[in-house]
Amino acid sequence: MLQAFARRAPSISVRARCLCTKPPTSPGPPEREYVQPSTEEKSALKILKDEFRPLFTGEAVGVEKAVPRRTDVLIIGGGLVGTAAAYFLKAHGEMFDVTIVERDYGYTRASTMLSCGGVRHQFTIPENVQMSMFTTEFLKHYKEHLTVLGQDPPHVDFHHQGYLFLAPENRAQLLLDCVKMQRAQGAKTVILSKAQLAEKYPWMNLDGIECASYGTEGEGWFDPWQLVHALKGKNIQLGVRYCQGEVVKFRYDSVPLYTSGGIAEKKRILGVDVDHPDGKRYGCDAAVIINSAGPWAGEVARMAGIGVDVFPELPVEPRKRYVYTIHCPDGPTLDCPFLIDTSGAYIRREGLGGNYICGASPSEEAEPSIANLDVDYEFYQEVVWPSIAHRVPAFNNSKLKCAWAGYYDYNTVDQNLIIGSHPEYRNFLFANGMSGHGVQQGLAIGRALFEYIYYSKYKTIDLSMFDFARFAERRPILEQAIV
Amino acid sequence: MTTVLKRCLRGTMQTQLHSVCCPKVFSLEQKRHIRWKFSWDENHLFYLWKTYNISPTGIKDTMLRSEREGFINEQRYIPAKALQRGPDLAAADMILNFNGRVKFNNDDVWYKTYEKGTSPLPQSFRPDLKLEAVDLADSNWMLTGMDHLHGCEHVVFVSLARCKYVTDWFIAQLVLHCPNLKYLDVSGCPEITDATMEMAYKFRHLQILNITDCQGIKQGEVFSVFLEDLLPELIIIGVDSLSKMELPLHEYEQQNSRFLNLGMSASIPEQIVGLRSETSEKSTVVNCKLNMSDSVELKVEPLKTESVC
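In the order they appear, the protein sequences are chains A and B. Using our numbering, the first residue of the first sequence is number 639, and each one after it goes up by one. Using our numbering, the first residue of the second sequence is number 243, and each one after it goes up by one.
There is no bait here: all hints are sound.
Taking lysine-lysine and the DSSO-like style, the derived pairs with C-alpha atoms no more than 30 Å apart in a straight line are:
#: 1; chain 1: B; residue 1: Lys486; chain 2: A; residue 2: Lys781
#: 2; chain 1: B; residue 1: Lys292; chain 2: A; residue 2: Lys781
#: 3; chain 1: B; residue 1: Lys323; chain 2: A; residue 2: Lys826
#: 4; chain 1: B; residue 1: Lys323; chain 2: B; residue 2: Lys354
#: 5; chain 1: A; residue 1: Lys838; chain 2: A; residue 2: Lys1039
#: 6; chain 1: A; residue 1: Lys781; chain 2: A; residue 2: Lys826
#: 7; chain 1: B; residue 1: Lys424; chain 2: B; residue 2: Lys345
#: 8; chain 1: A; residue 1: Lys826; chain 2: B; residue 2: Lys372
#: 9; chain 1: A; residue 1: Lys1095; chain 2: B; residue 2: Lys292
Treat the hints as calculated values from the structure; they're not laboratory data.
Using the sequences plus the hints, can you model the full thing?
As structure tokens, then:
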């Protein structure tokens, strides 16, 4: 497994990757036994023999294979987006046979588990606002949705503190327009003037701040691990199949396409090959394949030929972000919201013992290497601490306790969601590129995928503007409020 | 109708009966029945595939679910009603339907539905009547019911004691709709957690907060200390009835918060650690009278990763 992780480090730039015509080699150990998917033809006698073989050899009866040979919907990646998609597919449309393939059940590098877990409605694009609002709606009634029959109801502790976006004078008008748009969508955001800020948050230094926007209802933070755990429990009760394995190859079916320029080949994705920890490689056929691999979605797409045979490629790559835990004895206590500074640094309270979680996004030139999840403490000293100590003077007296790093599934073109089917491989669906907002939008994306698969269109939130075709048509959708 | 027609035809046009071929005409009822039988709308398949759990727990779950949905349906907010009668009277009407009591600002009488089921409230808009107190103890109030309090800013007393469906989201809605609250009673609600205490500071005029027997609140004492700082007039009733925290705050948080366990605390280089000043060696909380851990040391701990499933 170690060599599998070593293989994962892409160190070439995006432009260089476009020039590659060969997919990255995925050899696997040579002794891997290949288990055929369902495409082989079995005669009736062979099926009977297979059924009765355990009786004669003394094996356990009725053992299902580790990875199914055929399934309706195959979800690559078991983070929040994949789990939510499986939940909505099974909860609303029980006819689907859903399988989730996740290579690491410990979720040691999954973006969901390493995120701060904040939910905010303050975006600049209406559809983003609606998606976050659906997450809030779902969390209001999560006990009714996610209680497994016969077990204790799950816990998802939501802290209703709200996000506070500070704006200097030159961005005040933009903030006002954004808040107007958000209120039109139904989010309860308000604008606070400098005087109101001074009254509500006396511990804040308001140098250079003109106004701020605050979410009064439905914004806050929660622990995404609890939500994924609850969703997973409910999924297992509903009959979703969880498989541990790594997708290594896609299998195709070619059909001749008669064009005026000759006979071309039209490929269709049939299924995937999955490497299981027990040493075998299983073939799995699927009608629909959902790519929810998070930061490694670009690699999965390249395995499917997107970016290799068909262009454009999926412009999603992992970007490392650091999160630091600090301790400050005199910091703001209950009235500390999720504060987003003008410099891009953010800070929020964690618990009541004077601990805070902070971080910042590095500039484009100073992007850290994604080879591993080591933390750069210089970044804290040079970028994060000056900003937060300037904004909240109490943090001059703070101590860095610990830190961790996680990956953003960064959409290099416009940092927004990519959802929907690929124009050529119509049974390959994307759910990638959330660039740090996956936890907020994951539930809405799951429901949108269910609607796309069942109704062939989006019924509740119209996400057709976030389709993959916008990269070929050169119409990026830029989101300005990124943290 | 057809038999009469046949008798007439038999009498008059008997020879022409065979050549008359009238198409079969369906009535409106018959047409509707055929359309229903042969319609394949998108949601049809949901009913075909729905699985029914007929075990005792399954049946009980279905019954509870339908009861809950019934309450949600009945407590839906209808803006037209609020426009017609004013938000205070519309909210009072809905509260009285669910065995609640209300009080207005003009007198000290608690209004309740009469035994016959009629309502004592005026039926038309009265600008002088403002809703002041709401008593919903032991009722089935749902989150959709809180929408009715939109526009009732004069409410100062809310009691949601022993309501089994009340969660922290109810208090979040109260913060939005009734910021002038002075008395809040959530005693005996099993689903109320620490998030309620976190939000309590947003009621700037809160005087009494009753959290007796709220088993979901785990850090009641600590929150009381913090709320004392932010709201000096506040009296919190019921902290003694909650379970005590056996561990000091620092250890309790380290155990229960996944975020504080992420990351390695061992390998921070010296020059970064030196950012702290000398006074932060001991973490003292101002006005703290409880036994909370005083020193926070940088312990060398192994990497803790939470294992899922």
